[in-house]
Amino acid sequence: MNKEQLVSKWKEFCFDLVDARNKDLLEAPYQEKIENGLRQLGWSKARGEILPKVRLEIGNNNSLEPDLSINLAGKTVFVVEVKRPSNQFKTRQETQLLSYMRQSFVQIGLLIGQDIRMYFDDNSGSITCVCVFPIDGDKEEGTQFVKLFSRSTFDLEQIESYCRERKSEIETNLTMTELQHHFLEQGGDIIVKQLLESYFVDSKNLNRRIVKDTLSLFNFSVTAGEKKPDPQTQTAVPLPLNASYVLAQSPNSSPQKVKYSHDTTKYSIDGGQNFFGKGRFVREVVAKYIAANPKLSFEQLKQIFPSELQGSYGVIKSLEELNNMKQERKDLERRYYMDEAQLLCSGDGVRFAVSSQWGKYNFPHILERLKLWGWGVIND
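Numbering (the numbering used here), first residue to last: 180 to 559.
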């Protein structure tokens with residue numbers, strides 16, 4: 180399809196969904212509109228390609244029913260979870276969609292409500308939202324949705340490759356944002372030394388002790404650059420959306436310097452009896468959850484506390500995994516609560532540590548999850 184055809188298909192797909200949003204339809208009639216939209220993309224109910232409410236058996240007594248299972252050549256290729264168009268996204272909906280994807284043995288899932296969210300499961304323990312498509316026929320990014328999900332051009336391997344690339348971009352942006360946060364908060368000295376040490380030891384195979392001793396002779400500082408990157412030649416890494424920044428500029432200076440305002444708020448989940456900083460607070464949240472659900476396996480806990488809530492370090496890591504990581508123990512102990520008294524244990528006997536790396540850029544994810552669970556949180 181050429182660009183004009185893609186735009187036309189996207190407008191047709193969105194037309195009834197926009198009308199449904201304006202009327203705030205309930206889920207059942209909204210699902211009918213979505214099924215019609217999929218027919219516009221070439222999928223057929225008559226050929227058994229659009230299957231509503233397929234019952235997936237789990238053991239002897241339980242089952243799941245994805246709202247829509249999309250089949251190609253007798254095999255489910257992706258599933259769709261439908262929420263009413265006024266739906267506000269909630270993290271638990273991801274967990275629900277993951278269950279449908281796992282039971283259907285697919286790596287691609289769509290969550291359609293106020294917008295269209297495309298998820299990818301690479302069997303790492305959680306799913307990643309790789310794309311969000313606004314339901315708006317005038318938004319050209321929707322043509323990518325048409326490319327990916329039109330029946331005539333549907334290519335599962337190509338879609339999975341696209342998802343892996345998008346996931347890599349997302350994880351890289353998260354890591355770079357986190358790095359930027361640490362630069363602003365710590366002045367960069369520790370991180371620059373860690374990067375240089377990794378380069379000389381891991382890439383150049385030099386002696387770690389001598390490298391560390393040499394780097395200890397220097398102090399590094401990082402300041403905001405005076406020259407803004409050219410958007411045509413460099414992809415900008417955004418600042419953390421929830422961080423507190425103060426832009427200060429003297430009357431006679433041209434470049435703006437960014438100052439980071441460190442937040443020291445403490446939080447409590449026991450009615451104010453005990454308050455903890457962000458990192459320790461998350462550790463106490465995980466501990467409390469385990470106390471209430473002692474039979475959960477480590478893999479189940481990783482689904483309840485998925486890595487993307489935190490970022491590149493993840494919320495929890497098994498002690499075995501930490502012991503196998505390349506970083507020195509001292510570095511890991513800065514990033515995880517690894518003291519014997521702070522380690523936790525899952526129902527299947529896996530000992531693990533909780534990440535201590537929390538700030539305004541990722542801590543709101545935890546607060547949002549606690550709100551969904553109905554846990555009362557107060558701060559000082």
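By construction, these hints were calculated from the structure, which means they are not laboratory data.
Check before you lean on any hint, since a few could be wrong.
In the DSS-like style, the derived pairs of lysine-lysine whose C-alpha atoms are separated by at most 25 angstroms in a straight line are [what the hints assert, rightly or not]: (1) LYS383 with LYS457; (2) LYS372 with LYS202; (3) LYS383 with LYS212; (4) LYS509 with LYS269; (5) LYS372 with LYS391; (6) LYS212 with LYS224; (7) LYS467 with LYS539; (8) LYS383 with LYS509; (9) LYS383 with LYS190; (10) LYS474 with LYS550; (11) LYS383 with LYS372; (12) LYS224 with LYS326.
Per label pair, the in silico range of CB-to-CB distance [claimed, not checked]: (13) GLN184 with GLY555: 51 to 57 angstroms; (14) LYS550 with GLN184: 28 to 34 angstroms; (15) THR443 with GLU547: 17 to 23 angstroms; (16) GLY253 with GLN521: 35 to 41 angstroms; (17) ASP368 with ALA252: 53 to 59 angstroms; (18) LYS182 with ASN386: 41 to 47 angstroms; (19) ILE369 with PRO208: 19 to 25 angstroms; (20) LEU335 with LYS224: 57 to 63 angstroms; (21) GLN275 with PRO543: 36 to 42 angstroms; (22) MET180 with VAL311: 29 to 35 angstroms.
Since we're looking at a predicted model, the values are computed, not measured.
A virtual CB, placed ideally from N, CA and C, is assigned to each residue, including glycine.
Structure-based check of all given hints:
Proposed proximity of LYS383 and LYS457 is contradicted: the alpha carbons are some 37 angstroms apart, above 25 angstroms. At most 25 angstroms may separate the alpha-carbon atoms for a hinted pair to count; LYS372 and LYS202 exceed this at roughly 57 angstroms. For a cut-off of 25 angstroms, the pair hint linking LYS383 to LYS212 is broken: about 59 angstroms separates their Cα positions. Of the pairs offered as hints, the one joining LYS509 and LYS269 is violated, with about 37 angstroms between alpha carbons and a cut-off of 25 angstroms exceeded.
For the hint pairing LYS372 with LYS391, the CA-to-CA distance comes to about 8 angstroms; that is within 25 angstroms, so the pair holds. For the hint pairing LYS212 with LYS224, the CA-to-CA distance comes to about 13 angstroms; that is within 25 angstroms, so the pair holds. A threshold of 25 angstroms between alpha carbons decides the hint, and for LYS467 with LYS539 the separation of about 22 angstroms falls inside it, so the pair holds. Distance hint between LYS383 and LYS509 is fulfilled; the C-alpha atoms sit about 22 angstroms from each other, no more than 25 angstroms.
Distance check on the hinted pair: LYS383 and LYS190 sit about 54 angstroms apart at the alpha-carbon level, beyond 25 angstroms; violated. Simply put, LYS474 and LYS550 have alpha-carbon atoms about 23 angstroms apart, close enough for the 25 angstroms limit, and the pair holds. Only pairs whose Cα atoms come within 25 angstroms are accepted, and LYS383 paired with LYS372 is accepted, the gap being roughly 15 angstroms. For the hint linking LYS224 to LYS326, the alpha-carbon distance of about 20 angstroms falls within 25 angstroms, and the restraint holds.
At about 53 angstroms, the CB distance of GLN184 to GLY555 agrees with the hint of 51 to 57 angstroms. Between LYS550 and GLN184 the beta carbons are some 44 angstroms apart, a value that contradicts the proposed interval 28 to 34 angstroms. A C-beta distance of roughly 21 angstroms is found between THR443 and GLU547, which places it inside the suggested range of 17 to 23 angstroms. Under the hint 35 to 41 angstroms, the C-beta atoms of GLY253 and GLN521, about 51 angstroms apart, miss the expected range.
Checked against the hint of 53 to 59 angstroms, the C-beta distance between ASP368 and ALA252 comes to roughly 58 angstroms, which is consistent with it. A beta carbon spacing of about 57 angstroms between LYS182 and ASN386 contradicts the range 41 to 47 angstroms that was offered as a hint. Against the hinted window of 19 to 25 angstroms, the Cβ-Cβ separation of ILE369 and PRO208 comes to about 56 angstroms, which falls outside the hint. The hinted window of 57 to 63 angstroms between LEU335 and LYS224 is violated, with their beta carbons roughly 20 angstroms apart.
Separation of GLN275 from PRO543 is about 21 angstroms and departs from the stated range, judged on CB atoms against 36 to 42 angstroms. Checked against the given bound of 29 to 35 angstroms, the beta carbons of MET180 and VAL311, roughly 22 angstroms apart, lie outside it.
Of the numbered hints stated above, those contradicted by the structure are hints 1, 2, 3, 4, 9, 14, 16, 18, 19, 20, 21 and 22, listed in ascending order.
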